[in-house]
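Each chain, written out:
Protein chains: 6
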Amino acid sequence: MGEAPRLTHLRADGSAYMVDVSAKDVTARSATARGRVDLSGEAVAALRDGTVPKGDALGVARIAGIQAAKRTPDLVPLCHPVAIHGVEVDLEVDDGGVEITATVRTADRTGIEMEALTCVSVAGLALVDMIKAVDRFAVIGGIRVVAKSGGRSGDWVRPE
Amino acid sequence: MGEAPRLTHLRADGSAYMVDVSAKDVTARSATARGRVDLSGEAVAALRDGTVPKGDALGVARIAGIQAAKRTPDLVPLCHPVAIHGVEVDLEVDDGGVEITATVRTADRTGIEMEALTCVSVAGLALVDMIKAVDRFAVIGGIRVVAKSGGRSGDWVRPE
Amino acid sequence: MGEAPRLTHLRADGSAYMVDVSAKDVTARSATARGRVDLSGEAVAALRDGTVPKGDALGVARIAGIQAAKRTPDLVPLCHPVAIHGVEVDLEVDDGGVEITATVRTADRTGIEMEALTCVSVAGLALVDMIKAVDRFAVIGGIRVVAKSGGRSGDWVRPE
Amino acid sequence: MGEAPRLTHLRADGSAYMVDVSAKDVTARSATARGRVDLSGEAVAALRDGTVPKGDALGVARIAGIQAAKRTPDLVPLCHPVAIHGVEVDLEVDDGGVEITATVRTADRTGIEMEALTCVSVAGLALVDMIKAVDRFAVIGGIRVVAKSGGRSGDWVRPE
Amino acid sequence: MGEAPRLTHLRADGSAYMVDVSAKDVTARSATARGRVDLSGEAVAALRDGTVPKGDALGVARIAGIQAAKRTPDLVPLCHPVAIHGVEVDLEVDDGGVEITATVRTADRTGIEMEALTCVSVAGLALVDMIKAVDRFAVIGGIRVVAKSGGRSGDWVRPE
Amino acid sequence: MGEAPRLTHLRADGSAYMVDVSAKDVTARSATARGRVDLSGEAVAALRDGTVPKGDALGVARIAGIQAAKRTPDLVPLCHPVAIHGVEVDLEVDDGGVEITATVRTADRTGIEMEALTCVSVAGLALVDMIKAVDRFAVIGGIRVVAKSGGRSGDWVRPE
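Protein chains in written order, with this note's numbering: chain A, 77 to 236; chain B, 77 to 236; chain C, 77 to 236; chain D, 77 to 236; chain E, 77 to 236; chain F, 77 to 236.
Next comes chain A alone, as it looks inside the complex (with noise of 0.2 Å):
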């Protein structure tokens, strides 16, 4: 993460480009990433109730996340495309909120950071649009990767 290697990748104009990976290794590679929606109680309730008005808020955020991560190549424009092999993704209901937890995997040439970002973030995006009609405060936040496993620089874990 040197200066060197980065004036290499720079364009002599500074002008955006999708680096080559074609010399990169095909590993398996796995990444996780979180983040949260902050809500209020009455909205925290109607999760747990099951009464948010749109319907099934947790299941139809979990489909928007995973749908989200195919698209990420798509969605982020220097981003490769990448052939996806799994996708989790967890929401956890709690007092403030709801934790969203996302892991994608892939045996590729290029890291799967970015789907799952997009994963967690779409997530997040798709559970505020089913409950904005009880609450129009919700923040989506802490959008992270946490770990990441596979390619060059191996394993890592977020120190928090």
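Hints are not guaranteed to be accurate.
Identical chains blur together in the list; that is why a pair holds if it fits in one copy or across any two.
Unchecked claim - Restricting the straight-line Cα-Cα distance to at most 20 Å, the calculated cross-link-like pairs of lysine to any residue (SDA-like) are: (1) Lys100 / Phe213; (2) Lys208 / Glu236; (3) Lys208 / Arg234; (4) Lys100 / Arg228; (5) Lys100 / Glu236; (6) Lys100 / Ala183; (7) Lys208 / Ser91; (8) Lys208 / Val97; (9) Lys100 / Ala159; (10) Lys100 / Arg185; (11) Lys208 / Gly230; (12) Lys100 / Gly117; (13) Lys100 / Glu118; (14) Lys208 / Gly172; (15) Lys100 / Asp170; (16) Lys100 / Gly126; (17) Lys100 / Val222; (18) Lys208 / Arg185; (19) Lys100 / Val169; (20) Lys208 / Pro129; (21) Lys100 / Ala209; (22) Lys100 / Thr127; (23) Lys100 / Arg234.
Read the hints as simulated data drawn from the structure, not as lab findings.
Just so we're clear, the structure is a prediction, and the values are computed from it rather than from any experiment.
Got chain A sorted already, so can you dock chains B, C, D, E and F onto it with the hints?
Frame of chain A, contents of chains B, C, D, E and F only:
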């Protein structure tokens, strides 16, 4: 936001559905959302110096956000398709990261808070993708609606 | 549906084109389509017991159908883009499989039978995907428009 | 297809997820699906005479099917993205309608039955769209996998 | 097209944005674009004889163009979503290649020149894809708006 | 490119299909395409001065091109999906307009000329969209493959 309208909206079996908005008026509507990406000092310096390895990070994030606003109904399962009339995205670099503000406008039967939130979220994801070789600890957060106008509920500004 | 209007619609060389609907009125329209997935007794039992290996099959099928309704003009080449106002999908498990009914609403210049049919078809496809580890003999069938309202031809119910 | 593998695949809370296929072998795989569109005699005549008002109905249906096969993971929520190697779609007009057969090929870790089924379904939808001004009673049915090869379960032909 | 309106449209920092069209009138609008694909004599002969290896090249190009017109706002980042009312694509084979003409219609707040240009461009790309096994020297060119009607600027025909 | 291979590729009824590439080798491949947008002197000046009303025209065109390269199989009906490894887009402003050059890389079973051509075409379309308020006479042209490497046919440079 009382009990009665919610119960009438909920289907008998609690299953998800897209609410019928045919009876709502077409009015000029806008929504503004905010969020931010927390970054290391090194990453902030790279943004300010224009030395981000993958190129023009702020420009790419802005375009990603505008395009994502248009794709909101594709990402958020129960969102109605809305013909967007205008989008503006501001990315302000400060010492701790980048503050993102997006305003989306339309004249339609339903609000566009979700479009504004999706715009901010995906701009944030694209920014993290651009900068992740420099800062693997980036966190996206504080994504929320801060103001809206038009529609039955009229103008609203989030008290902060 | 006589000879004359068809001949005026046909291009001289018989090539495909998207019919101009500018002159049609904007009216409230709805369409209801039905279809079913024939399944084995084992698969029906798994749906009823909630033991489908890949998870909540009916919930996933419902969301897939709603999202596909929105993507109809992307899938059906000569279909006009229509702003959908509401979608409801019912999945009823019986001893021989699952009956799927979808109602789609809009206020536009052209009907939305194709959106209702696409919704039912893709809900059926998603259901087959969820259950295929249990039943590789699933058959999707009987996909048809059963009722429509609005537009020049007015209300119509399929005689069955 | 016994109880044990299903239980190990099912998540503790029964929620939907995309199964991890990393451990599966990359092998050449193909799947063939069939289905048909039942049509009136008038519609069959229009297809045979090339007088369908919107143009070349069979050609449009074929292209729609091929493109839909590529978009399967976008439509079917828990489907893995698969790099398709080839697609063939046959549309055979008979006195009662059109028989649709699609064969899809790949070399990947997971089967492509869903791609073949999606191809047939969307070819059927596009055909209905082309012909609906002539026949509003069209029915799409009999959509099923008729053969597959490759993968752990090897070659398989549906007994009919 | 003077200096004043441009300066008011330009944001202070020169960053890209989607112009707000809320104040523009909804009027019937159409745009016609043209372009051509230059081909070898062998390729022209294959088109005329119907012996292009991958199949019906002109039919595929026409469908590709119509579908691309619908996807314009997804491809052109700052383009407004517009509900297209009709599309016609003409492909005329001459001794030097294929002349492509597309007319797109709508009734909306903003013009659809970009939809017509996108239709011609992608029809050209699809044609090159169909014929590239026969002619690897194909060139797509002359893509331009030749006429438009409706909107504030009224009818306009390109002087040629 | 003789008669024999073409005849074996053609289906009996001449209908379109996606050629099976399963038997082709996975090799590193690249393709470079070029094209240009002819512009008025006023438009060239606006690009050079950074006073294009809608913002950073060259940056937006570059991103549009990169994203379109990834979406090629969605736009070009019979194109195989290919996992792109890298994309670079150069936009060079000269006195008559903008010269666009794109290089796309992969390691797959089939070439990526179509991805490079699509990248150039859509970059051109996005540029026209950005500048059309200044110059309604813009023409996109000269879109062609100029070099490719890898695959059965090996390295190739277009003689010009």
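To see whether the hints hold, each was checked on the structure:
When the C-alpha separation of Lys100 and Phe213 is checked against a cutoff of 20 Å, the pair qualifies neither within a copy, at 44 Å, nor between copies, at 23 Å. In this homomeric assembly, Lys208 and Glu236 come within 20 Å of each other (Cα to Cα) only across copies, at 18 Å, whereas the closest approach inside a single copy is 31 Å. Taking the closest pair of Cα atoms, Lys208 and Arg234 come within 20 Å of each other only across two copies (14 Å); inside a single copy the shortest separation is 32 Å, beyond that limit. In this assembly of identical chains, Lys100 and Arg228 lie within 20 Å of each other by CA distance solely inside one copy; the values are 8 Å within and 23 Å between copies.
When the C-alpha separation of Lys100 and Glu236 is checked against a cutoff of 20 Å, the pair qualifies neither within a copy, at 30 Å, nor between copies, at 34 Å. For the homomeric pair Lys100 and Ala183, the shortest alpha-carbon distances inside one copy (12 Å) and between copies (11 Å) are both at most 20 Å. Proximity of Lys208 and Ser91 under a CA criterion of 20 Å is satisfied inter-copy only: 17 Å between copies versus 39 Å inside one chain copy. In the homo-oligomer, the alpha carbons of Lys208 and Val97 lie at most 20 Å apart only across protomers (16 Å), although the nearest pairing inside one protomer, at 41 Å, exceeds that limit.
When the C-alpha separation of Lys100 and Ala159 is checked against a cutoff of 20 Å, the pair qualifies both within a copy, at 15 Å, and between copies, at 14 Å. For the identical chains of this complex, Lys100 and Arg185 are neighbours both inside a copy (5 Å) and across copies (18 Å), given an alpha-carbon limit of 20 Å. Only between protomers do Lys208 and Gly230 lie at most 20 Å apart by alpha-carbon distance; the minimum there is 16 Å, versus 40 Å within a single protomer. Taking identical chains as interchangeable, the C-alpha atoms of Lys100 and Gly117 are never at most 20 Å apart, the minima being 48 Å within one chain and 29 Å between chains.
Taking the closest pair of Cα atoms, Lys100 and Glu118 never come within 20 Å of each other, the shortest separation being 49 Å inside a single copy and 26 Å across copies. In this homomeric assembly, Lys208 and Gly172 come within 20 Å of each other (Cα to Cα) only inside a single copy, at 15 Å, whereas the closest approach across copies is 30 Å. Taking the closest pair of Cα atoms, Lys100 and Asp170 never come within 20 Å of each other, the shortest separation being 41 Å inside a single copy and 35 Å across copies. Taking the shortest alpha-carbon separations for Lys100 and Gly126, neither the intra-copy value of 47 Å nor the inter-copy value of 26 Å comes in at or below 20 Å.
Taking the shortest alpha-carbon separations for Lys100 and Val222, neither the intra-copy value of 23 Å nor the inter-copy value of 27 Å comes in at or below 20 Å. Only between protomers do Lys208 and Arg185 lie at most 20 Å apart by alpha-carbon distance; the minimum there is 16 Å, versus 39 Å within a single protomer. In this homomeric assembly, Lys100 and Val169 never come within 20 Å of each other (Cα to Cα): the closest approach is 40 Å inside a single copy and 33 Å across copies. Only within a single protomer do Lys208 and Pro129 lie at most 20 Å apart by alpha-carbon distance; the minimum there is 10 Å, versus 32 Å between protomers.
Taking identical chains as interchangeable, the C-alpha atoms of Lys100 and Ala209 lie at most 20 Å apart only when they sit on different chains, with a minimum of 15 Å there against 47 Å within one chain. Taking the shortest Cα distances, Lys100 and Thr127 never come within 20 Å of each other, neither inside one copy (49 Å) nor across copies (23 Å). Taking CA atoms no more than 20 Å apart as the test, Lys100 paired with Arg234 passes in neither setting, with 24 Å inside one copy and 30 Å between copies.
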